[in-house]
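Counted the way the working numbering counts, the sequence shown spans residues 1361 to 1475.
Calculated from the structure, these hints are not laboratory results. There could be a bad hint or two in this list.
[Said to hold, decoys possible] Taking lysine to any residue and the SDA-like style, the derived pairs with C-alpha atoms no more than 20 Å apart in a straight line are:
#1 K1385 to R1411
#2 K1426 to Y1390
#3 K1385 to V1375
#4 K1385 to W1407
#5 K1427 to V1454
#6 K1385 to G1473
#7 K1426 to P1448
#8 K1385 to N1421
#9 K1385 to E1420
#10 K1383 to R1474
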Amino acid sequence: MCKEADRRPWGYYEVLADEPDHKVKRITVYPGERLSLQRHRRRAEHWFILRGEALVTLGENEVSLKKGESANIPQGTAHRIANAGTEPLAFIEVQTGDYFGEDDIERIEDDYGRI
């Protein structure tokens, strides 16, 4: 992990690219943890699994993903990723849209009291 990683209760992320038309993060989720159920008004996301086992919520559906698999999260869709395995889950998140600030997160449900 690089020194500039942003730590969260569920793990951490590193920003790999931050450009006017996209942002790329490498995200690590600890075993048994998950991100908040959330949506974004101004961006879509694409998640590509690097290692581990993910349980992804997209709207009303859940899908299991493993290394080499991916998911598209359309703008405005409620989504969440959980580490369903026993090792850290790592994935690349590519954001596209017109704004990539952390204040574009609308939390619907959160295990860590951040709503």
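Hint-by-hint comparison with the structure:
1. At most 20 Å may separate the alpha-carbon atoms for a hinted pair to count; K1385 and R1411 meet this at roughly 15 Å.
2. Restraint check for K1426 and Y1390: the C-alpha separation of about 15 Å stays at or below 20 Å, so the hint holds.
3. Distance restraint check for K1385 and V1375: the Cα-Cα separation of roughly 4 Å lies within the 20 Å cut-off, and the hinted pair is therefore satisfied.
4. Between K1385 and W1407 the alpha-carbon distance is near 10 Å, which keeps this suggested pair within the 20 Å criterion.
5. For the given pair, K1427 sits about 16 Å from V1454 by alpha-carbon distance, which is consistent with the 20 Å threshold.
6. Using a Cα cut-off of 20 Å, the hinted pair K1385 and G1473 is violated, with the two alpha carbons roughly 23 Å apart.
7. Using a Cα cut-off of 20 Å, the hinted pair K1426 and P1448 holds, with the two alpha carbons roughly 12 Å apart.
8. With a CA separation close to 24 Å, the supplied pair K1385 and N1421 exceeds the 20 Å bound.
9. For the given pair, K1385 sits about 25 Å from E1420 by alpha-carbon distance, which is inconsistent with the 20 Å threshold.
10. Of the supplied pair hints, the one linking K1383 and R1474 is violated, its CA atoms being roughly 23 Å apart against a limit of 20 Å.
The structure fails to meet hints 6, 8, 9, 10 from the earlier list, while all remaining hints are met.
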